[in-house]
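*Asks:* Chains as they are written, first to last, in the working numbering: chain A, -15 to 98; chain B, 1036 to 1149.
Honestly, the hints are just simulated from the structure, not real lab data. Note that the Cβ used here is the ideal one computed from N, Cα and C, for glycine as well. A couple of the hints might just be wrong.
[Claimed, not checked] With the Cβ distance kept under 8 Å, some of the chain A side facing chain B (calculated, not the full set):
| id | residue |
| --- | --- |
| 1 | Phe74 |
| 2 | Pro83 |
| 3 | Gln87 |
[Stated by the list, open to error] Computed spacing ranges between beta-carbons, pair by pair:
| id | chain 1 | residue 1 | chain 2 | residue 2 | range |
| --- | --- | --- | --- | --- | --- |
| 4 | B | Ser1049 | A | Pro67 | 39 to 49 Å |
| 5 | B | Arg1148 | A | Asn49 | 39 to 49 Å |
| 6 | B | Leu1091 | A | Ala79 | 20 to 30 Å |
| 7 | B | Leu1081 | A | Lys41 | 21 to 31 Å |
| 8 | B | Lys1104 | A | Asn12 | 33 to 43 Å |
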Amino acid sequence: NAGVTQTPKFRVLKTGQSMTLLCAQDMNHEYMYWYRQDPGMGLRLIHYSVGEGTTAKGEVPDGYNVSRLKKQNFLLGLESAAPSQTSVYFCASSAGGPPQYEQYFGPGTRLTVT
Amino acid sequence: AQSVTQLGSHVSVSEGALVLLRCNYSSSVPPYLFWYVQYPNQGLQLLLKYTTGATLVKGINGFEAEFKKSETSFHLTKPSAHMSDAAEYFCAVSGMDSSYKLIFGSGTRLLVRP
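This is chain A alone, in the form it adopts within the complex (with noise of 0.2 Å):
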């Protein structure tokens, strides 16, 4: 049981560049987030999906789109990269929205665009 995983753990990339991130979560969990982390600004909610093929926005989702085709599975695409996307992104899922029920993190994906 691997709980919440994050690929990939690293990456650099060009201004304008594109990329996806993959989150996977082996709990069969119906909800599915992607946070970003920024120094003195706590975690921010870019997207979440309330089950499979449901995607829906969070605070700050400009520049960032999602896809949940497989109930494990939740994606996180950069179209064109710029470096205010500089930043830590966690990934996290849990078996029903908040407040009852908890959120399972991810280790992190930390992305640095030059």
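Based on the hints, put chain B in the right spot on chain A.
*Replies:* Just chain B now, kept in the frame of chain A:
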């Protein structure tokens, strides 16, 4: 609307001393409150949560927090700090609505001196 304020971006204590990390919240609905811990290069892990009922909540690793509605506070304490407690701690709030969101504070880094 909900928000969380964590007082002090860094707190330093000696090993064996009391740990007190402060969290104040703002919420237009009855809040659910959480403390998460993040060890270096890892994802977030739930320490404890307040939903309803008893206002003193006990969590893992000897931590506890008390919900004080009159002070809109949810401070985290531990009677005796251990070197292994050195980490970043995040307070978060969620409401009894359908927003599916956790709102995080900016975090407090706890340093434990030998």
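*Asks:* Now tell me, hint by hint, if it's right for this structure.
*Replies:* Now for the hints, and whether the structure bears them out:
1. Annotation: interface hint on A/Phe74 holds; nearest CB of chain B at approximately 6 Å, less than 8 Å.
2. Interface restraint check: A/Pro83 against chain B, minimum CB-CB distance 3 Å, threshold 8 Å, status holds.
3. At a threshold of 8 Å, the smallest CB-CB gap from A/Gln87 to chain B is about 7 Å, leaving the interface hint in force.
4. Checked against the hint of 39 to 49 Å, the C-beta distance between B/Ser1049 and A/Pro67 comes to roughly 40 Å, which is consistent with it.
5. Range check, B/Arg1148 to A/Asn49: about 45 Å between beta-carbon atoms, so the 39 to 49 Å window is met.
6. Distance hint for B/Leu1091 and A/Ala79: a CB-CB separation of about 26 Å, consistent with the stated range 20 to 30 Å.
7. A hinted range of 21 to 31 Å holds for the C-beta pair B/Leu1081 and A/Lys41, which are about 25 Å apart.
8. Taken as a hint, the range 33 to 43 Å holds for the pair B/Lys1104 and A/Asn12, whose Cβ atoms sit roughly 36 Å apart.
Checked against the numbered hints given earlier, the structure satisfies every one of them.
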